[in-house]
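If you read the protein sequences in the order shown, they are chains Z and F. Residue 133 in my numbering sits at position 133 of the first sequence; the count goes up by one each step and never skips. Residue 785 in my numbering sits at position 388 of the second sequence; the count goes up by one each step and never skips.
Heads up, some of the hints might be wrong.
[To be verified] Across the chosen pairs, the derived CB separations fall in these ranges:
| id | chain 1 | residue 1 | chain 2 | residue 2 | range |
| --- | --- | --- | --- | --- | --- |
| 1 | Z | ASN254 | F | ASN478 | 25 to 35 Å |
| 2 | Z | LEU97 | F | PRO511 | 31 to 41 Å |
| 3 | F | LEU462 | Z | ALA202 | 24 to 34 Å |
| 4 | Z | PRO324 | F | ALA535 | 37 to 47 Å |
| 5 | Z | LYS183 | F | THR441 | 43 to 53 Å |
| 6 | F | ASP569 | Z | LEU38 | 43 to 53 Å |
| 7 | F | PHE618 | Z | PHE37 | 47 to 57 Å |
| 8 | F | MET683 | Z | LEU29 | 20 to 30 Å |
| 9 | Z | GLY130 | F | ALA535 | 26 to 36 Å |
[To be verified] Some chain F residues judged to face chain Z by a derived CB distance under 10 Å, without partners named:
| id | residue |
| --- | --- |
| 10 | LEU439 |
| 11 | SER507 |
| 12 | TRP514 |
| 13 | HIS604 |
| 14 | GLU617 |
| 15 | MET630 |
| 16 | MET634 |
| 17 | SER644 |
| 18 | PRO645 |
| 19 | TYR679 |
| 20 | THR751 |
| 21 | ALA758 |
If you're looking for bench data, these hints aren't it; they were derived computationally from the structure. Glycine included, C-beta positions come from ideal geometry on N, C-alpha and C.
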Amino acid sequence: MSSELSAPSRPARVVFYNDPKFRSIAYQLFLCAVVVFLVYGAASNAIENLTRAHIASGFGFWNQTAGFDISQTLIEYSARTSTYGRAFWVGLLNTLLVAGIGIVFATILGFVVGISRLSRNWLLAKIAGGYVETIRNLPLLLQLLFWYNAVLKALPDIRESIVIGGVAFLNNRGLFVPQPIFKGGFGAVEIAILAGLVGAIAFYAWARKRQERTGQQAPVLRVVLLLTIGLPLVVFAFAGFPLGFDFPQSGRFNVTGGVEILPEFAALLFGLSVYTAAFIAEVVRAGILAVSHGQTEAAYSLGLQPRQALRLIVVPQAMRVIIPPLTSQYLNLTKNSTLAVAIGYPDLVQVFTGTVLNQTGQAVEVVAITMLVYLTISLGTSFLMNIYNSHMALRER
Amino acid sequence: MTMAEGDLAVTQLAFVRHATIAPQPPPATMTGAIGWLRANLLSTPFNIVLTAIIALLLAWAIPGLLRFLILDAVWTGVDRNACLESVQHREIGACWPFVREWLPYFIYGSYPIPLRWRVDVFFIMLAIGIVWLLWLNAPRRELGTVYFFVVLPIASFILLSGWAAIGLQPVDTVLWGGALVTIVVASVGIVFSLPLGILLALGRRSHMPAVRTLSLIFIEFVRGVPLVTVLFMASVMLPLFVPEQYSPDKLLRALIGIAIFASAYMAEVVRAGLQAIPNGQYEGAMAVGLGYWQMMRLIVLPQALRITIPNIVNTYIGLFKDTTLVFIVGIFDLLRTIEVARIDPKWATPVTSTTGYVVAAIFYLIFCYGMSRYARAMEARLARGDRH
Chain Z
1 MSSELSAPSR PARVVFYNDP KFRSIAYQLF LCAVVVFLVY GAASNAIENL
51 TRAHIASGFG FWNQTAGFDI SQTLIEYSAR TSTYGRAFWV GLLNTLLVAG
101 IGIVFATILG FVVGISRLSR NWLLAKIAGG YVETIRNLPL LLQLLFWYNA
151 VLKALPDIRE SIVIGGVAFL NNRGLFVPQP IFKGGFGAVE IAILAGLVGA
201 IAFYAWARKR QERTGQQAPV LRVVLLLTIG LPLVVFAFAG FPLGFDFPQS
251 GRFNVTGGVE ILPEFAALLF GLSVYTAAFI AEVVRAGILA VSHGQTEAAY
301 SLGLQPRQAL RLIVVPQAMR VIIPPLTSQY LNLTKNSTLA VAIGYPDLVQ
351 VFTGTVLNQT GQAVEVVAIT MLVYLTISLG TSFLMNIYNS HMALRER
Chain F
398 MTMAEGDLAV TQLAFVRHAT IAPQPPPATM TGAIGWLRAN LLSTPFNIVL
448 TAIIALLLAW AIPGLLRFLI LDAVWTGVDR NACLESVQHR EIGACWPFVR
498 EWLPYFIYGS YPIPLRWRVD VFFIMLAIGI VWLLWLNAPR RELGTVYFFV
548 VLPIASFILL SGWAAIGLQP VDTVLWGGAL VTIVVASVGI VFSLPLGILL
598 ALGRRSHMPA VRTLSLIFIE FVRGVPLVTV LFMASVMLPL FVPEQYSPDK
648 LLRALIGIAI FASAYMAEVV RAGLQAIPNG QYEGAMAVGL GYWQMMRLIV
698 LPQALRITIP NIVNTYIGLF KDTTLVFIVG IFDLLRTIEV ARIDPKWATP
748 VTSTTGYVVA AIFYLIFCYG MSRYARAMEA RLARGDRH
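Required output: the full structure, derived from the provided sequences and hints.
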């Protein structure tokens with residue numbers, strides 16, 4: 001009996017092609033070979049097709065003169081002297097502009113709608129629910145076209161502009177608002193704003209540390225408001241109000257002066273904000289519902305006021321749930337801003353992947369650069385998000 | 398002393414109730430319609446103000462909408478004069494005769510008129526497939542899956558593009574348009590994204606580093622860029638990557654772009670489902686001697702896909718809305734046909750654009766809302782726990 005036990009059980013001999021290790025390596029080699037073959041085939045075909053069509057390759061076009069106009073430029077740009085590279089930067093800045101402002105609007109609207117959906121006011125909750133259901137179930141492109149073609153382009157023409165408060169004009173060419181002109185001495189105000197911000201942050205940090213150490217509270221809100229708003233205003237007054245306005249003037253065929261807000265920009269901004277807000281509202285609602293009711297009850301039983309319970313107990317826990325999907329909504333908004341091409345707002349895709357590609361014909365380079373830009377934004381954001389998540393994750397004992 | 402007095406008082410009482418009184422009804426202001434109003438609309442001063450503001454807003458918006466869609470709408474006419482305020486001397490709402498004239502174009506695009514029955518057959522076949530797949534108590538559902546993912550794509554391809562050998566006149570895809578293209582693009586995305594997404598999700602969780610890395614790169618790359626750029630890539634770069642004679646036609650390029658994009662998103666949805674399956678299931682499957690594919694097909698995927706159905710449907714809703722983007726690479730989907738029709742000089746009025754967009758909105762709302770109701774119902778069913 002003991003001899004049976006002690007007999008060494010030799011591992012069963014496996015034919016090499018049934019060995020999992022061998023199989024896994026074979027599969028992977030095969031897959032890599034297929035990928036290499038596909039890439040090689042694509043590349044050689046591309047080279048052949050490009051030489052046949054006499055299309056240059058490489059990034060030499062970057063420094064060539066663009067020769068086309070762009071309707072909205074945040075940096076200096078002119079059709080005759082600026083390069084394709086400059087056009088790229090103009091488009092990218094336009095994308096970032098609409099995405100940045102859109103994120104602010106969408107966040108505000110989204111939080112309002114999301115909280116409204118949980119309101120005890122039945123009418124408000126239903127309206128918010130109807131908003132979310134309708135907006136989420138309609139394609140963004142349809143909404144953009146509606147805002148642009150059916151609303152903004154249907155505004156009266158220049159001669160019958162809608163005058164707002166005597167200083168701004170609204171017509172089918174856009175919204176014309178006064179342009180602020182900073183005179184000499186405004187630099188002092190800028191410094192004051194900066195100093196106020198730094199001071200406010202420092203005060204907040206100090207007050208918080210002191211409260212943790214001694215339990216004494218400081219009037220944070222009042223001091224912060226004083227530093228960020230009061231201080232610049234005082235400096236502004238002392239500097240002799242160094243700010244003027246260039247008012248738009250309405251002519252028969254054109255509006256001169258002021259700042260023009262393009263209808264394309266307005267439609268895109270409006271469409272993106274309204275659309276993304278519906279998704280943000282759902283994120284916010286889910287986040288608030290994720291905080292169990294016991295937390296609120298526990299806060300009340302500790303003697304916190306409803307407002308305090310919300311601020312100190314519910315919101316911090318809800319934010320932990322809200323922020324990751326919120327960032328992905330911000331990314332979606334940025335990616336969706338590429339729909340600008342459909343209504344003619346000069347964003348990165350419209351200027352670069354549209355016009356520059358058509359003029360140069362260098363599809364590979366242009367599409368690759370565009371994708372790289374969006375990839376950088378996306379991956380950069382998710383990298384920051386991962387850091388944030390590991391920082392915020394519940395530390396369970 | 399007080400005790401004694403108390404005792405005395407009790408004995409002197411003339412009446413002692415022996416039974417409890419029946420509970421009184423709550424005050425009229427707390428129940429019924431009034432109670433509901435007080436609790437849900439008028440609970441605090443702030444709520445009263447809010448309710449008033451919303452009521453005013455509704456009183457302005459709902460009649461306006463009704464007037465535009467029905468009361469002031471124009472129902473008959475042959476050209477723009479019927480829908481012009483200056484001609485009719487009244488408020489003009491939606492211009493429905495415009496829709497009536499263009500409706501065939503919105504549905505079929507430029508598909509040859511004598512051959513449009515083929516599109517109708519396709520719609521019917523698709524509807525049968527969808528009902529078979531979505532109706533959970535339908536007979537022979539496994540057959541339905543085969544029908545939807547194998548038979549339907551091949552049959553509809555032959556039907557729609559034609560096959561001279563069996564007497565179906567070929568129809569070039571540039572003639573396809575309208576709702577037909579929207580539904581074809583969405584269906585191709587739906588049919589291809591699920592299997593590809595499952596493969597990518599399995600690849601991303603694979604133990605083989607090369608498979609894992611390639612899946613990861615593909616998924617993150619596609620999810621990191623906007624659909625518009627994927628479509629641009631498919632429409633301008635794809636023709637460069639294949640020999641000239643095999644250059645795919647415009648619609649096929651867009652379909653490839655949509656399928657690639659949708660499968661990357663689907664992969665992440667499926668991966669979430671795979672992660673929810675406890676390790677014991679994998680270990681149990683291996684312990685009874687199943688190989689990798691058997692384990693996935695028989696044990697893991699059925700459970701993972703089951704709990705993912707709501708998310709899969711939500712991805713399909715996104716996909717359905719995203720089909721509108723093929724507009725940008727020059728495909729005549731429903732939205733594009735409306736864009737074409739609304740600038741038709743014969744019907745050019747201030748209300749034509751809005752009328753066109755209302756038609757598109759109704760179309761997309763019906764499909765997307767229908768899908769989201771289905772997802773919601775599935776979610777409720779899963780939350781209840783399946784008791785079959």
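Against the structure, the hints:
no.	hint	result
1	ASN254/Z to ASN478/F: 25 to 35 Å	holds, 33 Å
2	LEU97/Z to PRO511/F: 31 to 41 Å	violated, 52 Å
3	LEU462/F to ALA202/Z: 24 to 34 Å	violated, 53 Å
4	PRO324/Z to ALA535/F: 37 to 47 Å	holds, 38 Å
5	LYS183/Z to THR441/F: 43 to 53 Å	holds, 49 Å
6	ASP569/F to LEU38/Z: 43 to 53 Å	violated, 29 Å
7	PHE618/F to PHE37/Z: 47 to 57 Å	violated, 20 Å
8	MET683/F to LEU29/Z: 20 to 30 Å	holds, 25 Å
9	GLY130/Z to ALA535/F: 26 to 36 Å	holds, 32 Å
10	LEU439	holds, 9 Å
11	SER507	violated, 21 Å
12	TRP514	violated, 29 Å
13	HIS604	holds, 7 Å
14	GLU617	holds, 7 Å
15	MET630	holds, 5 Å
16	MET634	holds, 5 Å
17	SER644	holds, 9 Å
18	PRO645	violated, 13 Å
19	TYR679	violated, 15 Å
20	THR751	holds, 5 Å
21	ALA758	holds, 6 Å
Comparing the model with each numbered hint stated earlier shows that hints 2, 3, 6, 7, 11, 12, 18 and 19 do not hold.
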